[in-house]
Structures are given as structure tokens and as C-alpha cells.
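Enquirer: Go ahead and model the full structure; you've got the sequences and the hints to work with.
Those sequence lines, one after another, are chains S and E.
Under numbering that gives the first Met the number 0, the residue at position 142 of the first sequence is numbered 141, and the numbers go up by one with no gaps.
Under numbering that gives the first Met the number 0, the residue at position 82 of the second sequence is numbered 81, and the numbers go up by one with no gaps.
Hints listed in this document are in silico derivations from the structure and should not be mistaken for laboratory results.
Predicted model only: the values in this text are computed from it and were never measured.
There may be inaccurate statements among the hints.
Computed list of chain E residues with no C-beta within reach of chain S, every gap over 10 Å [claimed, not checked]:
1. S31
2. K57
3. D84
4. N95
5. P130
6. E146
7. E154
8. E198
9. I222
10. G237
11. L253
12. V254
13. T258
14. A261
Only pairs whose alpha carbons sit at most 25 Å apart, straight line, appear in this in silico SDA-like list of lysine to any residue [stated by the list, open to error]:
15. K176/E - E146/E
16. K223/E - G101/S
17. K89/S - L16/S
18. K223/E - S206/S
19. K216/E - T112/E
20. K195/E - E138/S
21. K89/S - G238/E
22. K223/E - K89/S
23. K195/E - A102/S
24. K195/E - A94/S
25. K195/E - P143/S
26. K195/E - G101/S
27. K223/E - G99/S
28. K53/E - I118/E
29. K223/E - P143/S
30. K176/E - D98/S
31. K98/E - L64/E
32. K223/E - E138/S
33. K164/E - D181/S
Chain S regions said to be covered by chain E (calculated; three or more residues, Cβ under 8 Å) [stated by the list, open to error]:
34. 77 to 90
35. 105 to 117
36. 131 to 137
37. 198 to 209
Every residue, glycine too, gets a C-beta built ideally from N, C-alpha and C.
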Amino acid sequence: MITDVRRQGGWRWLTALLISCLVVMVAGWHLATATDHAGEQLVAVADASAAMPSAAMPSASHARSATQRRAETKEAGQPQMLAIPRLELKMPIRAVTVDGSGAMALPARPTEIGWYAYGPRPGSAHGSAVLGGHVDSREYGVGPLVGLQQVRRGDEIMIKTTAGAERFRVTAVQLINKQNLDLREVFKRAGEPVLRILTCGGTYRRSGGYQANVIVSARPA
Amino acid sequence: MSAQRRILSLVSAGALALACAAVGVAPAQGASNATVSILHGVPDATVDVYANGKALLKNFEPGTLTDPQMLPAGSYDLKVVKAGDGPDGDAIMSANNVKVPGGANVTVVAHLTESGKPILTPYANDVSGLPAGKARVIVRHDAAAPEVDVRAGGEPVFTDLANPKEDSAEIDPGTVKADVVLAGSDDVVIGPASLKVAEGTTTIVYAWGSAKDKNLKLAVQAIKGMHGSPNSVPGGTGGQAAASADAGPLWASLVAVATLGAAVSGWQLYRRRVLTAR
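Expert: Structure (C-alpha cells):
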């Protein structure tokens, strides 16, 4: 009787030992690989076509007719509100420029998104209209841009401007390591019209912050 | 605010210039083009401008800046005559063998020297790239006037500028209230003028005319397309939204706890086996 209890207890302790060892292995592996995540080059998010090895943005080949029509008809207005209907995302847009360190100056609150006012407006006939916002903030917490990685190719994006609404269709969603991001391409002021929405993503490091940018590219619809 | 004195050399006509004149306006010197603008800064003279014997501008009025033109790279003989006098008319001013390199952006200014003599001065315009959010301002002294200071909002920005020198600076874009004073003084000779300086552009301000005749003026040339890109988009400051956000401490404590668990259970098993063995 006594030996049975002891044997039962033994099984329990053996199970506990095995589980503990397993947990040590799994947790240890996570600990070891956590830093490697930051080395990601280019990861497709939500859409396979974005996983093309070219780190550059998807090339502009379509939407030409829309461009020309737009160029002939009207000037784009000042952007005021961003909406992604499928995600029920709505954010006020603020005109921003450059901060003291040469980075795009983003609104402090992650509930607002900045528009790079030195570049084209969304709906302009040429170049890249850039919106950027904080995904989260030490002060204000997590914002709606956390959902940007859930955007899919084909999703509709609407920008309310002082001259009416501009509609876009998502062509790519990408997560690109900041070191590999072609900022000249992101902010280019000539060429086919494109809307780019940026926030941060990937691994967060206490020193250095987020290691990657989430980039949604969209063409005039 | 480094002074950029990139005034092209004015060399008198040589064999090369003669050869160029023989083949017409366009010298046969490769296919590359240069961007050339011409500013008329000599008061009271409507003129015609000839390049290598061919008419480049007719009835050119003082204070006019031409739109930039694409001209084949090479060297040019420039001659300015009274309007209607023709290519063989008496030169009010001329510059021979003016070198216009391919890809360059040049402004040729017809203006007065400090002592009031008409002269042609070609300037190479700095159209190099700018950092994001910056604008470039270049000032050029092309007036019959002594050395001047150029002030913005009452503060001297460019000092001791002499005819036909230039100076430049990178500034924040916006509207600048500028005036021109005699060097080291508060004697305003031009302005104040409101100057709009756009991001990513080079704005060139010319002082022209004559102090003696009290007709000093400003001419402004803006060149676009030197804008830079922001160096990053720092889209998060908290880290709360990170997928694998600083999970390090969590995994580390899990490792510690599980190691402890393994140690305890291992010890218990060992004890039990020892007891059973008894």
C-alpha cells in the first residue's frame, strides 16, 4: 500500500520533470531566437504577391487611365480622413513634415495619422502620397493602425479630402525591415500615382524601437 | 553658408570658338544638353541676344528671366545688341567661349558691374539634392552697387557680398522677409520683400540695377526638384503592439520557473527511488 502511493507519487514527479524540461526547451528556444526575428528581410503579410523578393514597391503598371482622367479633371484636395471600410478603421489625417532628425514627423497620438505635406496629396496625378502613423505610443497606448497588417489585396481605402473622396484599391501589404526600406521610392514625387500607408511592425526593441515598417500600397480605384 | 563661387570662366575667343561659330548655334560636342536661363538685369535697354551668331532672344526687356531652355552642351559666343541691330550690330556686352557643360544648370545674367559697365556673367546653379524639409537660397550681386548684406527678418544672413559674387544657404522653407543693406550698415537699398521659399527647391535672388540711378531691384528664379526623402518613418514608440514584443523577459522567467520545477521534481524522484530501494 505504502509502496503504491510512493510509486504513484513517482509518476507525478516524473511527469512534472518531463513537462518542466519541455518548457525549458521551448522557452529557451524562444529566448534564443527572439533577437533573430529582427533580421527578417521581407515578410509577406496577408497577401502572397507581396512576398516577391524585390524589396522595392510593387511596380506601377496599371491605373494609367484613371491617372489621366484625374489629371484632366481636377486638383486633389487636402486630405482629412482615412477610412478602410472592411476593417471599420477611421482616422483623422493631419498634415505633417519632417522632425529635427530628418524622419517623417508623425502625430503623437496613434489615433491620428500624418500625411507628408511636402509630397503629393492622395488623388494627385503623380507620385506617392504618404500617410504614416504610430501603431502604439508609450503615452497613449495602441492605436487603430495595429490592424494595418490585416489589410488584404483588393481592399478599398477611402480618403476624404477638402475636394471630395478619393478611392484606392490595395495592391500590396508588406512588412519590410527598416534597413532595407527604399525611402526614395516610398516618398517619390513623380511617376504613377500611389497611396502608401506606413506604420511600424516586426520586433520591438527597447533600444531602437520597431525594426520594420508595415507598408500598404494602393492604386487609384 | 559656404560661399559657392562657381562662376564660369569667361575666355576670349579662340580657335575653338571660331570653329563653333562656323557650325552654327549648336556646337558639335556630344549629345548631352544643359539647362540655360537668361536674366536681363541692365536697366533701360531692350536688347537682342545672339549665340554663336544666331538669334537666341529678341526684344528682351530689363527685369525679364527666360524660362529654362535645353541647349546642347558646348561653348557659346554670346553677344547682346540693341534690339533690332542684328547679329553684326555693336555689342553692348559680349562673352566668348562660355562653356556650358552637359547636365549643368546655368543662368547667364546681363547686368552692370559695380562701376556700372554692362557685362555678361554665367552662373552654374547648384541643383544638388537637399535633405527632406529643406530649401536652398542663393543670392547674387549683379547691381552697380558696393558690397551688401542680405538680411532675413532683419538679421544678416549673407554678408559682404560683392558684385558679381554669389552665396548660398540651406534654410527651412517658408516665407522670408528679406532686404538688402549696404555691407555692415542698416541702410536699406532694396526691400523689404516677401520671399516665398518652397521645400526642395533652389530659390535664386538677384540684386540688379544701379544704386546711383536709384533703380535697384530684385529678380527671383526658382528651380524645383531637389527635394530629399525623410530618413525614416518611426511608426511606434510604445512597443505594446509588437507581435513578439520584448517577450524576452517572459520567456526568461518561464525558463527559470521550469528549471526550478525540473530540479524539484528530479530531486523528489531521486528521493523516492532511494526510499523504494530501501
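Enquirer: Decide, hint by hint, whether the structure agrees.
Expert: Structure-based check of each hint:
{"no.": "1", "hint": "S31", "verdict": "holds, 21 Å"}
{"no.": "2", "hint": "K57", "verdict": "holds, 34 Å"}
{"no.": "3", "hint": "D84", "verdict": "holds, 43 Å"}
{"no.": "4", "hint": "N95", "verdict": "holds, 38 Å"}
{"no.": "5", "hint": "P130", "verdict": "violated, 6 Å"}
{"no.": "6", "hint": "E146", "verdict": "holds, 35 Å"}
{"no.": "7", "hint": "E154", "verdict": "holds, 21 Å"}
{"no.": "8", "hint": "E198", "verdict": "violated, 5 Å"}
{"no.": "9", "hint": "I222", "verdict": "holds, 15 Å"}
{"no.": "10", "hint": "G237", "verdict": "violated, 4 Å"}
{"no.": "11", "hint": "L253", "verdict": "violated, 4 Å"}
{"no.": "12", "hint": "V254", "verdict": "violated, 4 Å"}
{"no.": "13", "hint": "T258", "verdict": "violated, 6 Å"}
{"no.": "14", "hint": "A261", "verdict": "violated, 4 Å"}
{"no.": "15", "hint": "K176/E - E146/E", "verdict": "holds, 20 Å"}
{"no.": "16", "hint": "K223/E - G101/S", "verdict": "holds, 20 Å"}
{"no.": "17", "hint": "K89/S - L16/S", "verdict": "violated, 51 Å"}
{"no.": "18", "hint": "K223/E - S206/S", "verdict": "violated, 38 Å"}
{"no.": "19", "hint": "K216/E - T112/E", "verdict": "holds, 15 Å"}
{"no.": "20", "hint": "K195/E - E138/S", "verdict": "violated, 37 Å"}
{"no.": "21", "hint": "K89/S - G238/E", "verdict": "holds, 22 Å"}
{"no.": "22", "hint": "K223/E - K89/S", "verdict": "violated, 35 Å"}
{"no.": "23", "hint": "K195/E - A102/S", "verdict": "holds, 24 Å"}
{"no.": "24", "hint": "K195/E - A94/S", "verdict": "holds, 19 Å"}
{"no.": "25", "hint": "K195/E - P143/S", "verdict": "violated, 38 Å"}
{"no.": "26", "hint": "K195/E - G101/S", "verdict": "holds, 22 Å"}
{"no.": "27", "hint": "K223/E - G99/S", "verdict": "holds, 23 Å"}
{"no.": "28", "hint": "K53/E - I118/E", "verdict": "holds, 19 Å"}
{"no.": "29", "hint": "K223/E - P143/S", "verdict": "violated, 37 Å"}
{"no.": "30", "hint": "K176/E - D98/S", "verdict": "holds, 24 Å"}
{"no.": "31", "hint": "K98/E - L64/E", "verdict": "holds, 20 Å"}
{"no.": "32", "hint": "K223/E - E138/S", "verdict": "violated, 39 Å"}
{"no.": "33", "hint": "K164/E - D181/S", "verdict": "violated, 39 Å"}
{"no.": "34", "hint": "77 to 90", "verdict": "violated (count 0)"}
{"no.": "35", "hint": "105 to 117", "verdict": "holds (count 4)"}
{"no.": "36", "hint": "131 to 137", "verdict": "holds (count 7)"}
{"no.": "37", "hint": "198 to 209", "verdict": "holds (count 10)"}
Of the numbered hints listed earlier, those contradicted by the structure are 5, 8, 10, 11, 12, 13, 14, 17, 18, 20, 22, 25, 29, 32, 33 and 34.
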